[in-house]
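J.: These are the residues of each chain, in order.
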Amino acid sequence: MHDRIAVLRADRGVSRRELADAVGVHPQTIGYLERGEYAPSLALALRIARFFDLPVESIFSLDPLPSLSQELLRRTP
Amino acid sequence: MSTPPQQTYLARTFDDGRYAWARSRRVRRRAVVAEAALVAALVGATLIASSVSGWSTPYFVVLSVGLLGFVPLHSVLNLGIRGVYDRDDRSLDEHQQRMRERSFLAMAWPATALHFLAWAGAATVVALTEHVVPALYLGFLLWFAAGLLPYWHLAWTSPDEPADLDA
Chain W
1 MHDRIAVLRA
11 DRGVSRRELA
21 DAVGVHPQTI
31 GYLERGEYAP
41 SLALALRIAR
51 FFDLPVESIF
61 SLDPLPSLSQ
71 ELLRRTP
Chain C
1 MSTPPQQTYL
11 ARTFDDGRYA
21 WARSRRVRRR
31 AVVAEAALVA
41 ALVGATLIAS
51 SVSGWSTPYF
61 VVLSVGLLGF
71 VPLHSVLNLG
81 IRGVYDRDDR
91 SLDEHQQRMR
101 ERSFLAMAWP
111 ATALHFLAWA
121 GAATVVALTE
131 HVVPALYLGF
141 LLWFAAGLLP
151 YWHLAWTSPD
161 EPADLDA
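Read top to bottom, the protein sequences are chains W and C.
So the first sequence is numbered by my numbering: it starts at 1 and just counts up by one.
So the second sequence is numbered by my numbering: it starts at 1 and just counts up by one.
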């Protein structure tokens with residue numbers, strides 16, 4: 001499982017502890033998610049997506065996710 | 001669906017930052033080795049006592065000191081795994097619950113074997129030496145070790161925790 005949690009946290013200026021409190025897990029669990037050492041339940045993935053106000057598939061993927069800057073360049077006409 | 005962990009008093013203790021030193025992999029593994037060595041030494045002392053003298057003062061002293069030494073050792077090990085086997089489910093998040101179940105399942109067969117060995121070992125000691133008390137202690141120690149296996153597995157296999165939670 002691949003995710004963009006670390007990038008999104010940095011972009012929004014949210015600490016691991018703040019995200020963990022918001023989605024109801026232990027702060028260490030956010031660290032394990034970011035390191036790819038834990039695949040979240042569907043409920044947790046949806047809560048994280050709701051926190052960032054993004055579709056779940058833009059945060060989590062079974063395949064490696066391209067960097068956000070690459071995606072931005074690709075979408076810019 | 002997972003539920004947010006509730007911060008009980010016990011959970012707050014296990015999450016206390018003052019005990020972060022106990023959560024490094026190196027400390028956890030040393031605690032596992034020390035605890036396993038202590039239990040093995042007590043089993044050895046029990047076997048020696050059963051074959052030599054049965055219940056005796058030196059054996060009582062060794063057993064008492066060993067079991068007293070176990071208390072701080074297990075406290076360190078338990079702090080290292082955030083006490084996930086001793087806390088209420090509601091104070092654990094889904095990742096902690098999954099880690100706990102993974103180690104419990106991984107050690108299910110070895111624990112069953114140790115349970116069998118506890119019964120068989122105690123019965124064998126009584127049959128061969130007629131010393132009942134050391135036989136009971138041998139059974140107790142092996143049964144005790146069976147219960148400790150998931151703790152040891154989790155403490156040994158857990159990766160180092162991510163640092164800097166406020167970053």
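The set of hints was computed from the structure by calculation and includes no laboratory data.
Backbone N, C-alpha and C define an ideal beta-carbon position, used for all residues, glycine too.
Some hints could be false.
[Unchecked claim] Ranges of calculated distance between the beta carbons of each label pair, as one might list FRET restraints: (1) Gly66(C) <-> Ala43(W): 55 to 61 Å; (2) Leu105(C) <-> Arg17(W): 29 to 35 Å; (3) Leu67(C) <-> Leu68(W): 41 to 47 Å; (4) Gly13(W) <-> Phe116(C): 22 to 28 Å; (5) Tyr85(C) <-> Leu46(W): 16 to 22 Å; (6) Ala43(W) <-> Thr57(C): 28 to 34 Å; (7) Arg17(W) <-> Pro110(C): 33 to 39 Å; (8) Ser64(C) <-> Glu37(W): 39 to 45 Å; (9) Gly44(C) <-> Gly13(W): 53 to 59 Å.
[Stated by the list, open to error] Here are some chain W residues pointing at chain C (derived, C-beta under 10 Å): (10) Met1; (11) His2; (12) Arg4; (13) Val7; (14) Ala20; (15) Gly24; (16) Pro27; (17) Gln28.
J.: For the hint on Met1(W), does the least C-beta distance to chain C fall short of 10 Å?
T.: 13 Å, violated
J.: Assuming the hint says 53 to 59 Å, is it satisfied by the Cβ distance from Gly44(C) to Gly13(W) or not?
T.: Holds, at about 58 Å.
J.: Can Gln28(W) be said to touch chain C, with a Cβ gap under 10 Å?
T.: 5 Å, holds
J.: Taking the beta carbons of Ala43(W) and Thr57(C), is their distance inside 28 to 34 Å?
T.: 59 Å, violated
J.: Given His2(W) as an interface hint, is the shortest Cβ-Cβ distance to chain C below 10 Å?
T.: This interface hint is violated because 17 Å lies over the 10 Å limit.
J.: Tell me if Ala20(W) is really an interface residue toward chain C, meaning its C-beta lies closer than 10 Å to one of theirs.
T.: With Cβ-Cβ at 8 Å, under 10 Å, it holds.
J.: For the pair Gly13(W) and Phe116(C), does the Cβ-Cβ distance stay inside 22 to 28 Å?
T.: 57 Å, violated
J.: The hint says 39 to 45 Å between Ser64(C) and Glu37(W); measuring C-beta to C-beta, is that right?
T.: Given about 42 Å between the Cβ atoms, the range holds.
J.: Just tell me: holds or violated, for the beta carbon distance of Leu67(C) and Leu68(W) against 41 to 47 Å?
T.: 57 Å, violated
J.: Using the beta carbons of Tyr85(C) and Leu46(W), state whether their distance is inside 16 to 22 Å or not.
T.: 29 Å, violated
J.: Given a hint of 55 to 61 Å, does the C-beta separation of Gly66(C) and Ala43(W) actually sit inside it?
T.: 45 Å, violated
J.: Given Val7(W) as an interface hint, is its Cβ closer than 10 Å to any Cβ of chain C?
T.: 13 Å, violated
Taken one by one, the earlier hints fail for this structure at numbers 1, 3, 4, 5, 6, 10, 11, 12, 13, listed in ascending order.
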